[in-house]
Amino acid sequence: MDSENLSAYLGTRFGEPVSVTSLKQTFPGMSRETWLVEIERGASRRKEGLVVRADPPGGSIVPIPLKFEWQVYECLNRTSLPVAQAYWYDAAPEITEGRPLFVRSMVDGVTYPPGLQADTDEAAERRKRVVLEYVEKIALIHRLDWKAYGFGTFMEAAAAPEDVIEAELMRWWRIWEEVRTEPFPIITEVLHWFREHLPKRAAAVTLCKGQTGIGEEIWKDDKIVAFSDWELAHIGDPIQDLALSQGMLNMWDRSKILAHYEACAGFSLPLENIAYYSVWEVFNAMLTLNAGLRAFLSGKNRRLARATLGYGKVKVYEHLLGSILDMDIEEAAAFCVKRRPNPYHDKKVSGG
Amino acid sequence: MKPGSVELLERIAETLDQTVLPALADDKWAASAVRSATTLLHHLAKRIELEAPILLADNSDAKNVLAGIVIHFRADMDAEIAGEIDGLIGDAAPIADYDVTALDARNRRYQAAMARLLDRGAVSSDRGSEIRGELRAYFKRRSERERDMYFPSFTGPPF
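Residue numbers (the working numbering), protein chains in the order written: chain A, 1 to 352; chain B, 1 to 159.
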């Protein structure tokens with residue numbers, strides 16, 4: 001993507017002259033390309049920030065179409081949740097050589113609030129503020145009337161809290177069978193293990209963001225000003241968002257964090273579900289990374305990280321998951337949390 | 001006297017890590033590519049020595065496990081899968097010890113048969129746990145066998 005062609009493309013779509021003044025691709029961009037674009041628009045050359053999100057060559061490592069994330073944004077823009085304004089989805093534009101993209105507004109802020117990891121009393125107090133802000137905002141997502149806003153028209157949704165976790169398991173089981181690059185019988189057995197260790201019920205049936213916390217949202221002055229990256233959004237158990245929150249639950253007193261969340265969300269949390277999702281996260285990461293290997297094997301995406309992650313890191317995760325087969329859910333969760341680094345970054349989240 | 005393949009791969013990785021990577025401090029995309037290359041070179045240095053013996057041992061183990069399952073549980077298995085496994089374990093075509101591609105292809109067929117055995121509904125439920133027990137024991141042996149090909153090569157930074 002280059003500034004000149006992007007200026008022409010954006011000008012056509014906006015129906016007025018556009019000049020790209022800055023164009024940067026965010027790193028590492030493994031799931032999708034994210035381009036931060038600053039433009040001057042119209043006769044008055046008013047300044048504006050945009051984000052162009054596009055499939056990489058050979059497709060995303062996340063086996064969910066970009067159009068799905070676009071649909072999520074369309075629905076979110078009808079709500080009062082803090083999200084960027086989505087402008088348009090383009091299924092096959094020339095600017096990306098036919099790869100789908102969508103364009104949304106840029107929100108001023110950062111994904112990693114600086115200084116949060118410092119070993120000082122001030123930083124500890126900040127961590128408390130940040131995590132309380134996080135649970136208050138994530139509870140807004142979980143309290144949303146997702147049916148009224150149309151999420152149910154394109155997301156699979158089990159009706160009852162007793163069914164929703166198994167429905168999620170079976171959905172990803174089917175996806176795994178479609179995208180895996182090897183037979184991986186160990187993982188088939190791991191999927192049986194999940195089925196035998198399903199929590200009895202979800203806390204509720206809600207819109208879930210799918211990946212949350214530090215590194216996933218836009219922060220400014222220790223407030224979440226926008227939730228971003230909705231490609232793994234789904235209707236499910238809200239505890240999953242808390243369990244897969246990049247260490248947010250370790251940033252302060254865990255029981256107080258959860259109590260504050262319960263007060264904000266209006267329902268209680270079956271805590272054993274957190275252990276289940278701590279193991280589930282490893283499978284989900286493995287599936288995604290292995291799905292990304294397909295484009296490397298076909299030659300459509302030659303980025304070496306596709307191989308180190310989709311082949312090598314997947315073998316590490318396969319070994320990790322193979323080790324839990326004789327464990328109960330709590331033991332397996334402790335085992336996974338201790339041994340598994342975040343696949344997307346190696347930053348240690350302060351406090352845990 | 002000439003340098004061995006493993007030594008060459010390790011020296012290339014060392015050069016990338018110690019000479020090239022520090023010069024790329026201002027280019028995170030290039031630095032990431034070098035880190036990925038180094039990771040893969042460390043893996044290859046292990047793989048070229050370990051892969052063939054691991055595949056030989058694993059194919060022998062997997063074949064025995066599948067043969068034992070068919071002998072003991074045929075009546076409880078989906079007939080089509082039992083027939084597939086019969087075909088697999090009856091394939092006695094010799095493969096040269098150094099032919100990693102052919103050894104890997106055979107291993108993949110064994111793994112696929114095991115995945116099918118574990119698929120939902122492939123085995124009657126009352127005997128399914130026994131088959132799964134046999135397979136779980138094999139999975140542990142397999143993981144231990146191949147561990148050095150992936151650890152610690154792939155446990156470093158992801159990008």
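Hints listed in this document are in silico derivations from the structure and should not be mistaken for laboratory results. Backbone N, C-alpha and C fix where the C-beta goes; we use that ideal spot for every residue, glycine too. Do not rely on the hints blindly, as some may be mistaken.
Part of the chain B face toward chain A, derived, beta carbon under 8 Å [said to hold, decoys possible]:
(1) A37
(2) L56
(3) S60
(4) R141
(5) P158
(6) F159
Outcome of the hint check:
no., hint, in the structure
1, A37, "holds (6 Å)"
2, L56, "violated (19 Å)"
3, S60, "violated (17 Å)"
4, R141, "violated (11 Å)"
5, P158, "holds (6 Å)"
6, F159, "holds (4 Å)"
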